[in-house]
Each structure stands twice: as C-alpha cells, then as structure tokens.
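*Asks:* Chains as they are written, first to last, in this note's numbering: chain A, 12 to 239; chain B, 12 to 239.
Each hint should be verified, as a subset may be incorrect.
As the list makes no split between identical chains, a pair holds if one copy fits it or if it spans any two.
[To be verified] Straight line, CA to CA, 27 Å or less: simulated DSS-like cross-link-like pairs of lysine-lysine:
1) 195 to 167
2) 206 to 14
3) 214 to 148
4) 87 to 111
5) 112 to 167
6) 20 to 167
7) 214 to 167
8) 87 to 214
9) 20 to 148
10) 214 to 195
11) 20 to 111
12) 112 to 14
13) 14 to 167
14) 14 to 148
15) 89 to 214
Simulated from the structure, these hints should not be mistaken for lab results.
There are 2 protein chains.
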Amino acid sequence: MQKAESWLKATLDYSFNDRDLFAQALTHRSANGQSNERLEFLGDAVLDLVVSEIVFRQQPHANEGDLSRLRAALVKDKSLAQLATELGIGEFLVLGSGEKKSGGHSRASILADAVEALFGAVYLDAGFDAAYGVIEKAYGQRLHDLPDPSELRDPKTRLQEFLQARSMELPVYELVQVSGRAHKQTFEVTCIIPKVASVTTGKGSSRRSAEQKSARFMLEVLDGDHND
Amino acid sequence: MQKAESWLKATLDYSFNDRDLFAQALTHRSANGQSNERLEFLGDAVLDLVVSEIVFRQQPHANEGDLSRLRAALVKDKSLAQLATELGIGEFLVLGSGEKKSGGHSRASILADAVEALFGAVYLDAGFDAAYGVIEKAYGQRLHDLPDPSELRDPKTRLQEFLQARSMELPVYELVQVSGRAHKQTFEVTCIIPKVASVTTGKGSSRRSAEQKSARFMLEVLDGDHND
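So here's chain A without its partners, still in its complex pose (with noise of 0.2 Å):
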C-alpha cells in the first residue's frame, strides 16, 4: 500500500484522508475483500460531469450535440485504458489469482474500470473540487488539444453538412442486399446523390453501419474531387 501511496502522490499529487477507499479503488472483484466497482460507479458519474464542464467551457460556440460527442471521445474506456496505462496504476491493482495469471494487470477494461474508481474514491475522500483536480491532472494537455468536433461527427451527418454547404441535393441511401443468417446477417447498402456520378457501396453487420459506411466512402471521394 505504501508503494502505491508514493505512486498516486507523485502522479496527480493526491495523499487520501482515508486509506481504505484507496485501496477499495485498485482492488478488482476478482480477489478477495470489496471490490472497486460501487467507487467505478460513482466514479464514472464524477468523471462525465469534469469533463462536462471542462469541454462545456473550452467550446462556447458548440451546441450539445458536439459536446456530448467531445465529452464521450474523451471518456470512453479505449482513453480510459490509455490513461491508465500512462499513468502506470496497473501494476498497483489487486487481482484474484486467475485474474493475475492471464495478464489482467494489463487488461484495459480492468484498467479503465480502476480508474473511474479511483476518481470516485476521491471524490469521496475529500469532495467535488479534489476529484476535479485530480481528473484535470490525470488527463493533462487531452483536456487542452481537444479534436475538432466535426471530426467527431458520424460520416452520414458529415456528408450532409457537407452536401448542405455547397447547396447540393441529399443523398439516397439504398439497402441492395441482405446475406447471411438471421443474427449473422451482411447488409449491403448504397449512397446514390443526384449529379454525382460516383455511387459508393458500404457493408455492414446492420443496415446502419452499412450506410455509414457507404457515407464515409462518399466522403472520401467527394474529398478527392474537391481536392483535385
């Protein structure tokens, strides 16, 4: 416990009141004793509202479909994981034997799950505004070089906006095909605009990704044109 004590004090400056709650948070439900998944939990709540705040602020001009999307980029468990991995919490974590042997120290939903439950550890060891810090500093310069939230748009939205500047008509999107099994089915969709010659095919495990997909594949040669 002490080694993760220095640990957690020289990467985001924290010493808890109460010793427990820092341990509850590294302990994984696979071993014995309390588990870290009620602090996951409310941890996941503390981070969404930070990170609310701090894209909220950061983007006076977005509306909240863009902020949500900014807000989801940066707190979905692929960051988490990355996050964590950085921060280097994974060799603190307390695992059950079955656990440490197939490499669950590095395992990023267990990582991503340890520090969400860590944020709600401090939360409730010392309040809002210590938690807040303590995110600020666990995501560092993320915070600062948020992407642009167009890039975070869907490629059906993207085509549209795109079609919609340039006072063009919408596109069509057509399903050409279904194969396959029920529940293992490949849908076949295409994206036809009026006055573009190109047609783009997308396939995809629902009707919907196979749109978005052939939107995307539009995009792309729309680009291209645009580009020439």
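Following the hints, position chain B against chain A.
*Replies:* Leaving out everything else, chain B in the frame of chain A:
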C-alpha cells in the same frame, strides 16, 4: 423574469447571482436568443452525479447494477417531466410561437430538458454544492423513498434469481414464430422450465422484448403457485 425569480426562491430556495443564466435555462430552442440546450448538457451530468452519490450512500450494499437501475429510474425523462410539473416550471418557459400554440409549456420532453438546464445553470452560477442542494430539494422525498432495486431488474433476470434461489433449473426461451414484414415483425417466444407444467408465451417487436414478456408471465405463474 421577476415572477420566475420569486417562484424559484419559493419552490427551491435559490436566487441566481447571474440572472442571464436563469433566463437561458428557461429558453427553449424554439425561441429567439440563447437556448437552454448547452445548459441541459451540463445539467444532465450534474444531476447524474448528485443522484449517483445519493443512491450510493443510501444503498451501501447494492451492487453497481442495482445502483445504475436506481439512478436510471430517478433521472429518466419521465421522472424529470413529473418533477417539472410538480415544481410548476412550465409557465415560466420561453418558447417560440409555434411551440406555444401546440402546448409546449406542458410537453414532457421540454419540461424535462428545462429542469436539467436549471440544474446546470445553478452549477455554473454557484458550484457543485449549490446544485446538490437544489437537486435534493427538487426531488424531495423521492430520494428517500427509493424502490427496492430488485423490482427494477428486468423480468428475465428476476426469473433467473427466483429459480436459482429455489435450486430449480433455468428457463429455455424458444423462438416460436416471426410474422409480419421486415421492420414491422412480431416475435413470439415461449418460456419453458423443466419440471414446470406451464409454458408462457410473449410477443414483441423484438426477440428480446418477447423473451422478457414470456419471463414476466412465467413469474406471475410461479408467484401464483407460490402464494397458494
């Protein structure tokens, strides 16, 4: 604005430092001026954290699944709209003329959004603790009369728990029939439990919902036996 301020003071014991924030919280996107959509984005996260902490503290033994279900029940649009109606925020909303004519002042989604925006505005105006207090006051007794988390579990989960508690075999769900055209299909599923004479059937627009219904009917059958 003065009437709205008196209402806020009387119902939630809050006065804004920054009146513009309050005005914005009350402004629907159908009206001119800055709408409450960004504040709603923030308020949604504030509400989530406050409710998370309250259910976390009130249910010290609930697992994170039950905590999530309790939170979801409290923050869902339907609950928020009910809250908004009781508080009487509707008459202070600023709507565009179309929305006004079509009864926007009492539309559930508009009311729910406005309440969230109000929580977000208080958070920006005076910080987390102030928002916590306002949310606690708005929810009132609801936060103390939490439902039994097990009641919020879905029927399939409850049926499984019921059977496991009695060391009975688990149910099998069989898809009996799919009828209707694509996108408007009806699924029919039976729930079969070895050694239970009754078989129940559920119908729904998805396989999942048909399964849940068949499980719910089976619970009713078993509960009837049980009470005999």
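*Asks:* Next step is simple, just say for each hint if it's right about the structure.
*Replies:* Against the structure, the hints:
Taking identical chains as interchangeable, the C-alpha atoms of residue 195 and residue 167 lie at most 27 Å apart whether they share a chain (24 Å) or sit on different chains (24 Å). With identical chains, the CA atoms of residue 206 and residue 14 are never at most 27 Å apart, being 66 Å at best within one copy and 56 Å at best between copies. In the homo-oligomer, the alpha carbons of residue 214 and residue 148 never lie at most 27 Å apart, since the shortest distance is 42 Å inside one protomer and 51 Å across protomers. Taking the closest pair of Cα atoms, residue 87 and residue 111 come within 27 Å of each other only inside a single copy of the chain (24 Å); across copies the shortest separation is 39 Å, beyond that limit.
For a Cα distance limit of 27 Å, the shortest separation of residue 112 from residue 167 qualifies neither inside one copy, at 44 Å, nor across copies, at 33 Å. Taking the shortest Cα distances, residue 20 and residue 167 never come within 27 Å of each other, neither inside one copy (46 Å) nor across copies (45 Å). In this assembly of identical chains, the alpha carbons of residue 214 and residue 167 lie at most 27 Å apart only when taken from the same copy (14 Å versus 33 Å across copies). Taking identical chains as interchangeable, the C-alpha atoms of residue 87 and residue 214 lie at most 27 Å apart only when both belong to the same chain, with a minimum of 25 Å there against 35 Å between chains.
In the homo-oligomer, the alpha carbons of residue 20 and residue 148 lie at most 27 Å apart inside one protomer (12 Å), although the nearest pairing across protomers, at 37 Å, exceeds that limit. For the homomeric pair residue 214 and residue 195, the shortest alpha-carbon distances inside one copy (13 Å) and between copies (22 Å) are both at most 27 Å. Within a single copy, residue 20 and residue 111 get their C-alpha atoms as close as 25 Å, which meets the 27 Å cut-off; across copies the closest is 56 Å, which misses it. Proximity of residue 112 and residue 14 under a CA criterion of 27 Å is satisfied intra-copy only: 22 Å inside one chain copy versus 65 Å between copies.
For the identical chains of this complex, residue 14 and residue 167 are neighbours neither inside a copy (49 Å) nor across copies (45 Å), given an alpha-carbon limit of 27 Å. Only within a single protomer do residue 14 and residue 148 lie at most 27 Å apart by alpha-carbon distance; the minimum there is 20 Å, versus 43 Å between protomers. Taking the closest pair of Cα atoms, residue 89 and residue 214 come within 27 Å of each other only inside a single copy of the chain (25 Å); across copies the shortest separation is 37 Å, beyond that limit.
Of the numbered hints given earlier, the model fails hints 2, 3, 5, 6 and 13; all others are met.
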